[in-house]
Each structure stands twice: as structure tokens, then as C-alpha cells.
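*Asks:* Using my numbering, read the sequence shown as starting at 1 and increasing by one per residue.
Warning: the hint list may mix true and false statements.
Ranges between beta-carbon positions, derived for each pair [what the hints assert, rightly or not]:
1) Asp128 / Asp385: 19 to 27 Å
2) Ser177 / Asp302: 31 to 39 Å
3) Pro193 / Asp61: 36 to 44 Å
4) Glu205 / Asp61: 14 to 22 Å
5) Asp92 / Pro59: 20 to 28 Å
6) Asp385 / Asn105: 46 to 54 Å
Because the hints were derived from the structure by calculation, they are not lab data. Please read all numbers here as calculations on a predicted model, not as lab measurements. We put the CB at the ideal spot given by N, CA and C, even for glycine.
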Amino acid sequence: MTNSENVEKTVTDLDGEIDAALDLARERGEVGLQVTAYLRGELVVDAWAGSADKAGDVPVDGSTLFPVFSVTKGVTATALHLQAERGLVDYDAPVVRYWPEYGQNGKDRTTVRDVLAHRSGAPQMPADVTTERMADWDWMVTALAAETPLFPPGEVNCYHSINWGWLVGEIVCRTDSDHRSFGQFVQDELCAPLGIEDLFIGLPEKEDGRVAELVDDTAFGRTSGAGRTPLQQQAMPPAAAPTAEVFSRPEVWRAQIPGAGGIMNARSAARLYAMIACGGRLGDVRMLSEGRLRSLLEPRPDADKPDLVSGVPRMLGLGGYYVGGQSPPANALYAGSTSILGHPGAGSSNAWADLDSGLAVAITHNRMFDEPPDRDAHPFIPIVDVLRRFARQNG
Numbered sequence: 001m002t003n004s005e006n007v008e009k010t011v012t013d014l015d016g017e018i019d020a021a022l023d024l025a026r027e028r029g030e031v032g033l034q035v036t037a038y039l040r041g042e043l044v045v046d047a048w049a050g051s052a053d054k055a056g057d058v059p060v061d062g063s064t065l066f067p068v069f070s071v072t073k074g075v076t077a078t079a080l081h082l083q084a085e086r087g088l089v090d091y092d093a094p095v096v097r098y099w100p101e102y103g104q105n106g107k108d109r110t111t112v113r114d115v116l117a118h119r120s121g122a123p124q125m126p127a128d129v130t131t132e133r134m135a136d137w138d139w140m141v142t143a144l145a146a147e148t149p150l151f152p153p154g155e156v157n158c159y160h161s162i163n164w165g166w167l168v169g170e171i172v173c174r175t176d177s178d179h180r181s182f183g184q185f186v187q188d189e190l191c192a193p194l195g196i197e198d199l200f201i202g203l204p205e206k207e208d209g210r211v212a213e214l215v216d217d218t219a220f221g222r223t224s225g226a227g228r229t230p231l232q233q234q235a236m237p238p239a240a241a242p243t244a245e246v247f248s249r250p251e252v253w254r255a256q257i258p259g260a261g262g263i264m265n266a267r268s269a270a271r272l273y274a275m276i277a278c279g280g281r282l283g284d285v286r287m288l289s290e291g292r293l294r295s296l297l298e299p300r301p302d303a304d305k306p307d308l309v310s311g312v313p314r315m316l317g318l319g320g321y322y323v324g325g326q327s328p329p330a331n332a333l334y335a336g337s338t339s340i341l342g343h344p345g346a347g348s349s350n351a352w353a354d355l356d357s358g359l360a361v362a363i364t365h366n367r368m369f370d371e372p373p374d375r376d377a378h379p380f381i382p383i384v385d386v387l388r389r390f391a392r393q394n395g
């Protein structure tokens, strides 16, 4: 149940509907969750429900932090686009222009756009990766620079489940004149200007007590990845797999894992996407041009066909975000809009922006689940329906 004494009520006529939608999500199995939404830059919903732990002893509140897995990729993509906006990165340039070591073993012609769109041909993690090595940025980028593509760069769609973050993040770091770590770049260049307080890629130890306990209800988590294809095993080896077991380890929280390791709350993720929903500007802060953002709505080639790693279509755009459209193949929460940029995470946390309506939404939670084939059974659909209806009525 929602807690009416703790939920921040930001739009009076949505109170009852959001409360009911959160209650329904709990009835459908959710343990603890948050939802935050902005409409044209104004906060319209900031609500939460349930428990931050399996035992039900710790209530979720607005400041609870959640591991959000690949929702982190949307943050990382935004950092790269900020560097492109500044003229520091050319999407069609080879990665080696910024990261010369990456050109080893046939990767010299791989472009930044190939990497963004998961078309570099090298979706695999290093064969000798361990959880400890995954937590070491320098080890990871050195190892990834030495990898040999499994497929010709730029020719096939192969979702880079974990390694994508370092491929993009290292380009950001190599083009940063201040030579900051990626996590610090995000804090300084994205979070601080936008007034975002609780978005971390590399969690400070002092924040550990606010992190919700993950409850892994995914088939992957229940079976320890049994039944995966060889390519999936290469992209997500057990030591680096997006599971509660791996991503509940303090050394993983502390690490800068820009493709899967972000820890944040809905307030922070939604505020980042509010900037995107407003065409790259939030308040007095202009980060990206609307033209750039709209160019990123273009799906990658063959986006509606099965991805070689996933085995199912992934409606990814050329800029590293997922895009909307008919569902399937589009994400169920993005269905019906062709002006969405967003990114879901393993276990179904999600954050996105709709450039046409100006709606930005983030849903963070701790029960990791596989999205049901029946859209109407999805725990978050009632929340999304309320928010979209409100956006239409106030358009």
C-alpha cells in the first residue's frame, strides 16, 4: 500500500489514481517501488510504495536508492551526447580517433555510432573477467581494447549487455579535458547542473544504508543463467551477469560500471529525462539541442528483427537509447509513441522521455521480473496509463 503520510503529492487530481496504480503493482508482485514524473519540466508525481527489503521491515521512501542495471545506459548515452554537443565527439568517426588502443585486432574502423547502436561486433566480455576485475575500470578498458570482434563491425545487431558502458564511457573520459573518472564526469556535468542529487555510477560508501535489497524473480536469476546460448554466455558471463547476487556486492556498488551499475532513485532518473523531454533544456540549463535528440529517434538498422545476443528484437535507436513504436517489438511501456527515448534495465526498472508530449517518467523498484508477454499483466502499465492520460489532458 502507498503511505499517504510519506508520499509527496504534487498534483492533487492524480493522487487517487497513482495510489490505486501503485497498489495494483503491489498486488501483481511488486515489493517496493517509486515513480516520478515530469510534464514539460514540472514535477507532477513523486510517489512510492512497499518495502525496501525482503522481510518488509524497511519502508521505501522517496530517497531510497535502487540498483537499476541498464537504465544506467541511458545516463551514459546522455554523457556521450553532451560531448558530441560540445563538438568533442563525432558519431561517425572511428573510435580510435579518441581511444587509439581500441583499434587492435580488427576494430580500427569501428565507429562511435556502431558502439552506441550495439553494432560494434564485439558484444563479449573478456573471457577471464571476474567480478573483481569488472570493478576495475582500467582493467576493463585495457581488456576490451584487446578484444577481437565476433562479427564485422557495423553489420549486425548484437546487444552489448555489460561491456557497452565501458566502450561508451571511455570515449567520454578520453574527450574530457579535465581527465575525470566517468562517475565524476556524470556528477559534475549532468547531475550538478540539473540539480540531481541521488544518481550514482560508483556509490559512495556513506550511501549504502539507503540501497534497497534486490529480490531476483527473473528466470535468469532463478536458474543462474542456465539455458543461455553460447553468445549470451560470452556477453553476460556469471561473474558479470545482471543478477541480484552479483549487483548486491559492495565492491560492485562502489565500482563505475556505466552499462549496468547505476544506483539511483526515481526522482533523479526522471529529472535527467525531464531535460530530454523538454528538448534538451530544463529550466535555464541547456544541455542538448532538440534537433540532436530528435535525430536519435531513428531506429538502428533491422531494429525490428531478432538481435543476435538477445534472440528477440531490441528497438534501439542510433544514439544508444531505446525508441518507441508498436509493441512488440518496442518496450511495453513505450508502446504507441514514436517520440520516446529511454532505457529499461534488467528486472524492469525503466526511465524515458517523450519529446512530443513532454512527459518524463522513471520507475525504480527492487523486485526483478521478466516482462510478461501480456501487456495487461505488466505491473507498471496502470501507472503509465495514468500518466499518459494526464499528459494528454494537459497537453
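*Asks:* Does each hint fit the structure? Answer for all of them.
*Replies:* The hints, checked one at a time:
{"no.": "1", "hint": "Asp128 / Asp385: 19 to 27 Å", "verdict": "violated, 47 Å"}
{"no.": "2", "hint": "Ser177 / Asp302: 31 to 39 Å", "verdict": "holds, 37 Å"}
{"no.": "3", "hint": "Pro193 / Asp61: 36 to 44 Å", "verdict": "violated, 26 Å"}
{"no.": "4", "hint": "Glu205 / Asp61: 14 to 22 Å", "verdict": "holds, 21 Å"}
{"no.": "5", "hint": "Asp92 / Pro59: 20 to 28 Å", "verdict": "violated, 49 Å"}
{"no.": "6", "hint": "Asp385 / Asn105: 46 to 54 Å", "verdict": "holds, 48 Å"}
Violated hints, listed in ascending order, are 1, 3 and 5; each of the other numbered hints is respected by the structure.
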